[in-house]
Amino acid sequence: MRREGSAFQGLGVVVLKELSDHFASARMRVLEWLVVLTALAAVYGAIQQVRDVTAEDPFLFLRLFTTAREPLPSFVSFLSFLVPLMAIGLGFDAVNGEHNRRTLSRILSQPIYRDALLFGKFLAGLLTLSVSLISLWLLVIGLGLIMLGVPPGGEEMARAFLFLVVTIVYAGVWLALAMLLSVVFRSAATAALVTLGLWLFLSVIWPALSSAVAEALFSAADQATQVVGGQMLARLSPATLFGECVLALLHPTTRTLGPVYLSQLQGAVMGSPLPLWDSVMVAWPQIVGLIAATILLFVAGYVAFQRQEVRA
Amino acid sequence: MSETVIEAKGLTKRYRTATAVDGVTFKVAAGEIFGMLGPNGAGKTTTILMLLGLSDVSAGDARVFGHDPKREPLAIKRRVGYLPDSVGFYDHLTAAENLHYTARLMGLGAEARASKITAALVRVGLGDVANKKVATFSRGMRQRLGLAEIVMKDAQAAILDEPTNGLDPQASAELLELIRSLKAQGVTILLSSHLLDRVQSVCDRVALFNDGRIALMGTVADLGRQVLGGGFAVEVEADGGTDMVRRLSSLPGVRNVEQPAPGKWRLICDRDLRPEAAAEVIRAGARLRKLSLDEPSLETIYRRYFQDLQGVSHAA
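Line order of the protein sequences matches chains U and B. Note that this note's numbering numbers the first sequence so that position 134 is 134, with each residue one more than the last. Note that this note's numbering numbers the second sequence so that position 104 is 104, with each residue one more than the last.
Okay, chain U solo, but in the shape it has when bound:
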């Protein structure tokens, strides 16, 4: 049986309204300043470090993102930590907030479907994150140009751009997760706590835990199986996938993200960078994994929302 009318009627209206809410909200302003200040501190540290040890590096510009100077971590590790926080901050009360304000049934009694509301909220969140991340990225590039005085090459820019795209997808995963939990839990505080708990577990605890779990699971197998198994388990966490993507894209010398067998190294020239397309291929499964996780989580939230009762 077919419903009359488009599921996306009113989508644009919802996106615009949510966007203006996001950009006007105090929450977003705090998160933005947090990200901008910490990231710029990291980049500044990286620039000092790169200047001190300038070697003949064909990818000097990419070092901006990945170099850490004690005690600050690198720009990339800051982002992998703060981007989820931002996404969760935008998404944790997306649906239950409407419930609690008692606006949901009023909005849904307008001639739109629920699809438009949920999809509109997701798109607006993703657009907000994209705008923030793109501005941050441009800031970093600009700072690099001024302080290093070396123009980046075309391939460097391409790699930096792909890194930006991957970061936005990574933000999408956490946004979709936060929105799913905002559908499942009626209380915004519960949804926020559970999402933050999952985030801590997946980004901090799970990567450390996965090798132990693999050892227990594959105790009979040889060591190689255990290592590979541990890596597979660790890749269940989007943080691991993101880290591997970054590694492949920003360190052109990365040839593989798994364990390397000696036989595979025969004839390889160690330390020589891969061409851009080959680097993308190395990280391709991880990129697809991140996109798939976003879609899966969004669909789960969508199904839950469609089945939910409107009444408070």
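Simulated from the structure, these hints should not be mistaken for laboratory data. Heads up, a few of these hints could be off.
What the hints assert, rightly or not - Below, in silico cross-link-like pairs of lysine to aspartate or glutamate (DMTMM-like), each with a Cα-Cα straight-line distance of 20 Å or less:
id: 1; chain 1: B; residue 1: 290; chain 2: B; residue 2: 235
id: 2; chain 1: B; residue 1: 70; chain 2: U; residue 2: 4
id: 3; chain 1: B; residue 1: 70; chain 2: B; residue 2: 91
id: 4; chain 1: B; residue 1: 27; chain 2: B; residue 2: 91
id: 5; chain 1: B; residue 1: 132; chain 2: U; residue 2: 4
id: 6; chain 1: B; residue 1: 70; chain 2: U; residue 2: 309
id: 7; chain 1: B; residue 1: 133; chain 2: U; residue 2: 4
id: 8; chain 1: B; residue 1: 183; chain 2: B; residue 2: 7
id: 9; chain 1: B; residue 1: 70; chain 2: U; residue 2: 21
Because the structure is a prediction, the values reported are computed rather than measured.
Following the hints, position chain B against chain U.
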């Protein structure tokens, strides 16, 4: 009767463990105010949500302006305004901004929006607070803002869920006045409430909900006849006079006369016997002080009905 606007046939909503609405059937004609009354949890809101296509229908059929809410909810939602139970707005936006958002969702153009929003806000008496944040609004103002949304929509039918719930007498009187003015404009209104006396004053017909079913339906007078055993109660107060009970009972059409207090008589009659009773009191040589017709109140009907129901279930 004129064209039917809202129609429910055996509408049923089952949850895993319970049946919230069980075979509800009713019709609302164009231009009518139809009241759904009943205790909390009787299935009124669920029925409304099914009519709007906001909740799945387990069984039965519904039509609103001839559209099926399961298949064509958008066509219904374009023509019907809905004021939910304790309606909410975005607190950080002003009254006008809140309406702008819903107006855009309705697909109103920019010019139509500006003029309609102003007109609607003035109509419900919120013209001078249009640019105030909704966070500062009282409950009554929020309900009126909800009505403004319906006015702005030019809805041909309005569904109001507990519109006077939690309002002080003054605010609810104002709200009912607004509802009457909507009816005067030709809007069909379906409203639900558990506050009976307020509703009695505006509804043309009512349906009494109990436990997911419609227990009684009709005009208030109809229900009075069904539940209270029918008849008109005429109350007479007079000084003096002799043999009043016998004289009053002998009037044609009087079924029964009681004397609840000295100088006070209560006549149960087949029709309105006030003129005849007055003449008889004078003939008896008494001085008539008060003469009134006791109209059945919904409150009485409701209480009596549920008392009877409980009596039956206790006996069983």
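We went through each hint and held it up to the structure:
no.	hint	verdict
1	B/290 with B/235	holds (8 Å)
2	B/70 with U/4	holds (10 Å)
3	B/70 with B/91	violated (32 Å)
4	B/27 with B/91	violated (37 Å)
5	B/132 with U/4	violated (38 Å)
6	B/70 with U/309	holds (15 Å)
7	B/133 with U/4	violated (36 Å)
8	B/183 with B/7	holds (19 Å)
9	B/70 with U/21	violated (32 Å)
Checked against the numbered hints above, the structure violates hints 3, 4, 5, 7 and 9; every other hint is satisfied.
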